[in-house]
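Chemist: Based on the sequences and whatever the hints tell you, model everything.
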Amino acid sequence: MHFQYIAVLLALCSPGFAKPHQFCACQSGTDDSINIDATLEVHGKDNSRYIWAQEEGHFWIAHDSGPGPRFAGAFLKAAKGWIDGDTFYKECRRYGGADSTCFNCSEKHLLSDGKSIVCDQT
Numbered sequence: 004m005h006f007q008y009i010a011v012l013l014a015l016c017s018p019g020f021a022k023p024h025q026f027c028a029c030q031s032g033t034d035d036s037i038n039i040d041a042t043l044e045v046h047g048k049d050n051s052r053y054i055w056a057q058e059e060g061h062f063w064i065a066h067d068s069g070p071g072p073r074f075a076g077a078f079l080k081a082a083k084g085w086i087d088g089d090t091f092y093k094e095c096r097r098y099g100g101a102d103s104t105c106f107n108c109s110e111k112h113l114l115s116d117g118k119s120i121v122c123d124q125t
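Position one of the sequence shown corresponds to residue 4 (the numbering used here), numbered consecutively onward.
In case anyone wonders, no lab produced these hints; they're calculated from the structure.
Just to be clear, a hint being listed does not mean it is correct.
[To be verified] Keeping only pairs whose Cα atoms sit at most 27 Å apart, straight-line, the calculated DSS-like set for lysine-lysine is:
(1) 22 to 80
(2) 93 to 83
(3) 80 to 111
On a predicted model such as this, the values are computed, not experimentally measured, just so you know.
Modeler: Pasting the structure below:
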């Protein structure tokens, strides 16, 4: 009984560790499209922390499963290191987003249209 009490106490007191991500964007709602206005605000308010993950006019193609984003659009990446998912979510909420979406991608390519980015491998 004493052991269970300590385990519960430690679980409640331990800080949560967010999963690190390469790319994130704000969403209009949970399981909804990218909210570009909120994403622009997050970038604009702290452009030393986040930079655009693609060139202007380029966008990521969505995937229902497998590697890459679940929603198409423009994403931010960390200027240095990785994005903390919990912190990014809070920033999206602060600037009008309802949720956030993040992903990792180790290999990508540009489609023949010259603007669509596809993630090939996580």
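Chemist: Indicate, hint by hint, whether the structure satisfies it.
Modeler: Consistency of the hints with the structure:
no.: 1; hint: 22 to 80; verdict: 14 Å, holds
no.: 2; hint: 93 to 83; verdict: 19 Å, holds
no.: 3; hint: 80 to 111; verdict: 15 Å, holds
The structure fails none of the hints (numbered hints given earlier).
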